[in-house]
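**Student:** All chains, full assembly: derive it from the sequences and hints.
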Amino acid sequence: MTQEVRAVVAPGKNEPVRVETIVVPDPGPGEAVVDIKACGVCHTDLHYKQGGINDEFPFLLGHEASGVVESVGEGVTEVAPGDVVILNWRAVCGRCRACERGRPWYCFDTHNARQPMTLTDGTPLSPALGIGAFAEKTLVAAGQCTKVDPAVDPAVAGLLGCGVMAGIGAAINTGQVGRGDSVAVIGCGGVGDAAVAGARLAGAARIIAVDVDPRKLETARTFGATHTVDATATDPVEAIREATGGFGADVVIEAVGRPETYEQAFYARDLAGTVVLVGVPTPDMKLQLPLLDVFGRGGALKSSWYGDCLPSRDFPMLIDLHQQGRLDLASFVTERIGLDDVEAAFDRMHRGDVLRSVIVL
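Just so you know, UniProt numbering puts 93 at position 93 of the sequence shown, and the rest follows in order with no gaps.
Check each hint, because a few of them may be wrong.
Calculated lysine-lysine pairs in the DSS-like style (CA-CA distance at most 30 Å, straight line) [as the list claims (entries may be wrong)]:
#1 Lys13 x Lys286
#2 Lys216 x Lys286
#3 Lys286 x Lys302
#4 Lys216 x Lys302
Pair by pair, the computed Cβ-Cβ distance ranges are [to be verified]:
#5 Asp293 x Val68: 48 to 54 Å
#6 Arg114 x Lys13: 42 to 48 Å
#7 Thr232 x Pro11: 25 to 31 Å
Simulated from the structure, these hints should not be mistaken for lab results. We treat Cβ as the ideally placed atom computed from N, Cα and C, and that holds for glycine.
**Tutor:** Structure, rendered in structure tokens:
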């Protein structure tokens, strides 16, 4: 039978979010209902609210979540009721050309639950990134659930569902940072700091953090940055070159998603170096670079989709590293809030006052 639960809904473009009662159906074939325990407040949720993703309002916000599987539908074998899971927004199909070539992290046919969740009047909701986890319970495809150690703090675990995984994966999976490499990270919010942490995990010798906010630069140091650059006072390209013997960094990770910072990343890398774009641009943004420079500098220009992660492989591994004391995921959690506090959390995030606000249920 269907259930009615409390959830955070964005009713229209730039309108304040509201806590509403929503209807969650029983799971159908291949689906699961998850009892949400914690969900991070991510910039992507704010983009949904602002109409920056699409205009399919009303949105059921939230996607960076962990919880406990309550029930599963027919044919589900990946998880069972009682499993502690992290939710992901790229459930791998196993059948597309990327999956069949052994590259499931590029899956071109990822999927979500088929049934809609609705308002009590029957209005269908568009769940953020196919999850919708600013809610007491949500309906997802079973493949969006990745089982992890139940001993982990839910507020910590959920952050792997989006921002932290995107940043760590941008360094390790997409950028393929190696031992002794130099790495620059432009933009030190949650994703950028996770990229710093990922570069440190990979054994980078120099990690240069770039931002316009001194508070963020100080936080980046706690995650492993060896150098910091205040972009309001110094040319980031020249500062990165100076910190790398005049050459530029082996890997530059752009975690802002703007043409001007991407251009900085392009020119701040060494010859044959790698640029990784993990910051999300808006549809109106355009980039111009001299084609001769693209050719002449060599190397690779990459975009990082979800940190090119494979949730079934990467989520448990990173939880294990956290529990071993080798990856401090808890430091990403700035505050713990309730469902009624989301609008204020968006304001704090916009001002740069928090790394992550996490809703705890």
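**Student:** None of the hints should be skipped; say for each whether it holds.
**Tutor:** Against the structure, the hints:
1. Between the alpha carbons of lysine 13 and lysine 286 the distance comes to roughly 24 Å, so the proposed pair stays at or under 30 Å and holds.
2. A distance of roughly 27 Å separates the Cα atoms of lysine 216 and lysine 286; the hinted pair therefore holds under the 30 Å criterion.
3. Between lysine 286 and lysine 302, the direct Cα distance comes to roughly 16 Å. Compliance with the 30 Å bound is thereby established for this hinted pair.
4. Annotation: proposed proximity of lysine 216 to lysine 302 holds, straight-line Cα distance about 25 Å (limit 30 Å).
5. Range check, aspartate 293 to valine 68: Cβ separation about 51 Å, and the 48 to 54 Å hint holds.
6. Hint check: arginine 114 to lysine 13, Cβ distance near 27 Å, so the stated range 42 to 48 Å is violated.
7. A hinted range of 25 to 31 Å for the beta carbons of threonine 232 and proline 11 is inconsistent with their spacing of about 37 Å.
Violated hints for the displayed structure, listed by number in ascending order: 6, 7.
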